[in-house]
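**Q** Between the sequences and the hints, there should be enough to build the whole structure, so can you do that?
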Amino acid sequence: MYAIVDITERPKTFFENQKLVDFNKIWFFHDQIKKQQEKPDFEYLAKFEKKYKLNLWKLIQNERIFLYSNFHKFSKNEMMKILEQECRFFEHILDTVKPDFFFSKMPAFHHLELFYEMCKNSGVNVQIIDFAVLGQSCMITQEHEKLDIVNDPKGLERKNRNFDQLQQYLKSSDLLGYLVNNIMKPGKTNQELIQAAKEYLLHSDSENTKTHYTYYGRTKSKVLLHGMMYRIRTKIRESFMNNNLKRTLALPEKFVFFPLHTEIDRTLLITAPFYINQTEAIKIIAKSLPINFKLVVKEHPIQVTRGWRSSSEYKEIMEIPNVILVHPNFSNEELYKNCSLLVTIAGTSGFEATFYGKPAITFVDLNYSILPSVSTVKNLHELPDLINESLTKKVEASSLDHFITLLEKNISKFNYADFLQKLKREFFYGGNLVDVEIPEAKMKLFLEKNHSVLSELADEHITKIKWFKNH
Numbered sequence: 017m018y019a020i021v022d023i024t025e026r027p028k029t030f031f032e033n034q035k036l037v038d039f040n041k042i043w044f045f046h047d048q049i050k051k052q053q054e055k056p057d058f059e060y061l062a063k064f065e066k067k068y069k070l071n072l073w074k075l076i077q078n079e080r081i082f083l084y085s086n087f088h089k090f091s092k093n094e095m096m097k098i099l100e101q102e103c104r105f106f107e108h109i110l111d112t113v114k115p116d117f118f119f120s121k122m123p124a125f126h127h128l129e130l131f132y133e134m135c136k137n138s139g140v141n142v143q144i145i146d147f148a149v150l151g152q153s154c155m156i157t158q159e160h161e162k163l164d165i166v167n168d169p170k171g172l173e174r175k176n177r178n179f180d181q182l183q184q185y186l187k188s189s190d191l192l193g194y195l196v197n198n199i200m201k202p203g204k205t206n207q208e209l210i211q212a213a214k215e216y217l218l219h220s221d222s223e224n225t226k227t228h229y230t231y232y233g234r235t236k237s238k239v240l241l242h243g244m245m246y247r248i249r250t251k252i253r254e255s256f257m258n259n260n261l262k263r264t265l266a267l268p269e270k271f272v273f274f275p276l277h278t279e280i281d282r283t284l285l286i287t288a289p290f291y292i293n294q295t296e297a298i299k300i301i302a303k304s305l306p307i308n309f310k311l312v313v314k315e316h317p318i319q320v321t322r323g324w325r326s327s328s329e330y331k332e333i334m335e336i337p338n339v340i341l342v343h344p345n346f347s348n349e350e351l352y353k354n355c356s357l358l359v360t361i362a363g364t365s366g367f368e369a370t371f372y373g374k375p376a377i378t379f380v381d382l383n384y385s386i387l388p389s390v391s392t393v394k395n396l397h398e399l400p401d402l403i404n405e406s407l408t409k410k411v412e413a414s415s416l417d418h419f420i421t422l423l424e425k426n427i428s429k430f431n432y433a434d435f436l437q438k439l440k441r442e443f444f445y446g447g448n449l450v451d452v453e454i455p456e457a458k459m460k461l462f463l464e465k466n467h468s469v470l471s472e473l474a475d476e477h478i479t480k481i482k483w484f485k486n487h
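For the sequence shown, my numbering begins at 17 and goes up steadily by one.
A few of these clues could be false.
[To be verified] What follows is a set of in silico ranges between Cβ atoms, one per label pair, in the way DEER data are often shown:
| id | residue 1 | residue 2 | range |
| --- | --- | --- | --- |
| 1 | Asn-40 | Asn-259 | 55 to 63 angstroms |
| 2 | Ala-474 | Asn-259 | 44 to 52 angstroms |
| 3 | Leu-240 | Gln-34 | 25 to 33 angstroms |
| 4 | Ser-188 | Asp-111 | 18 to 26 angstroms |
| 5 | Lys-299 | Ser-255 | 19 to 27 angstroms |
Keep in mind that the hints were calculated from the coordinates and are not lab data. Note that the structure is predicted; figures quoted are calculated from it, not measured. Beta carbons: idealized from backbone N, C-alpha and C, even for Gly.
**A** See the structure below:
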């Protein structure tokens with residue numbers, strides 16, 4: 017068993033000395049990436065791209081560290097030299113190890129997506145763990161946007177649930193509600209933030225700024241100033257929303273619902289790389305509606321973790337003639353019940369809308385795109401026709417019921433959301449600081465406490481390995 021470890025400097029000692037897992041070899045990802053002044057080798061990158069069937073520009077131009085860094089502006093040469101070193105390193109790993117399987121969480125950064133796609137396109141059996149579209153459970157899958165197990169719907173168990181029963185099922189597995197209650201609410205989170213700040217000031221050094229391109233340009237003073245300005249800016253933006261966006265209102269008789277995605281997030285940057293400008297997407301949708309329809313847009317409640325959006329962006333959306341922008345606390349259920357159609361770039365909201373008998377349009381193919389009531393945009397010029405066609409679609413409870421049964425065959429019982437919260441609170445001050453020392457004894461105790469759930473997760477990986485061998 018081999019591992020590529022993508023961490024900061026302080027946890028590195030734990031991985032170098034730990035005896036809990038007997039790895040054949042460990043590579044530290046950031047040890048492989050150096051500051052280089054040479055020009056990138058585009059000839060090598062072109063051959064690499066063709067060999068692994070990749071689109072490298074798509075990955076590099078949507079990398080959040082390059083797009084949104086608050087501390088360092090990356091030059092074109094820097095970005096391409098980082099990419100070239102990553103490609104050479106990952107290619108060396110595949111050529112040397114020749115792995116049969118690759119286990120990982122769902123990639124959120126370009127280099128993780130790069131290695132994932134290299135493995136997948138090289139015939140390596142990939143097992144990626146990520147949140148499922150229902151509940152706090154997860155899926156272990158080859159591709160986030162597809163289901164591994166796709167049975168003939170005729171062979172699935174028929175539960176014959178109606179829409180009322182399906183809606184109760186949806187409410188009982190409310191992932192968004194869990195995240196809101198466990199991430200956004202104050203209390204322990206504020207305490208953890210203070211503890212993280214203290215730890216950062218007293219113990220965290222500047223070594224990462226030399227060795228990790230994700231830390232380029234950071235200093236303690238810059239980080240603290242940015243943190244203070246971030247909190248002030250968040251409060252100002254929240255005040256604007258509270259004063260200008262409605263929590264309740266008489267909804268239009270005919271409207272299409274477009275829920276905003278959280279930014280910065282994999283969902284747009286990797287899953288829907290050509291649609292990262294949501295304001296432009298809103299304008300396109302608004303132009304495509306029938307004249308007697310409005311477009312209701314809702315801010316995502318989890319966007320608070322990114323400091324909300326600028327008031328200028330909200331104003332730009334509000335100025336579109338047939339658009340109504342509502343508060344993030346506006347009831348999703350009320351919008352699902354009353355809309356005629358839901359449009360989403362790549363979100364689970366399109367799936368949730370079907371529980372209320374409403375058709376959906378997505379901008380990319382997703383695992384629930386196999387539902388007859390869900391359409392995918394293939395050409396933006398055809399969006400007006402697709403909207404008109406979708407408005408006539410009827411959602412059948414039986415089709416949704418069959419899909420849920422199929423989905424349940426792909427879902428793990430492992431409570432991924434809960435486990436991540438435990439991990440963050442045990443080692444990373446609630447996720448507020450990752451550059452921390454990890455005592456082996458503390459990790460051993462954590463693993464022992466969570467032995468039961470981790471054993472179940474391991475068993476599910478083994479089951480998936482066996483499934484791969486038969487398919």
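**Q** Determine for every hint whether it applies to the structure shown.
**A** For each hint, the structure was consulted:
1. At about 59 angstroms, the beta-carbon gap between Asn-40 and Asn-259 stays in the expected band of 55 to 63 angstroms.
2. Our hint of 44 to 52 angstroms for Ala-474 and Asn-259 holds, since their Cβ atoms are close to 51 angstroms apart.
3. Separation of Leu-240 from Gln-34 is about 32 angstroms and conforms to the stated range, judged on CB atoms against 25 to 33 angstroms.
4. Under the hint 18 to 26 angstroms, the C-beta atoms of Ser-188 and Asp-111, about 48 angstroms apart, miss the expected range.
5. Taken as a hint, the range 19 to 27 angstroms holds for the pair Lys-299 and Ser-255, whose Cβ atoms sit roughly 26 angstroms apart.
The structure fails to meet hint 4 from the earlier list, while all remaining hints are met.
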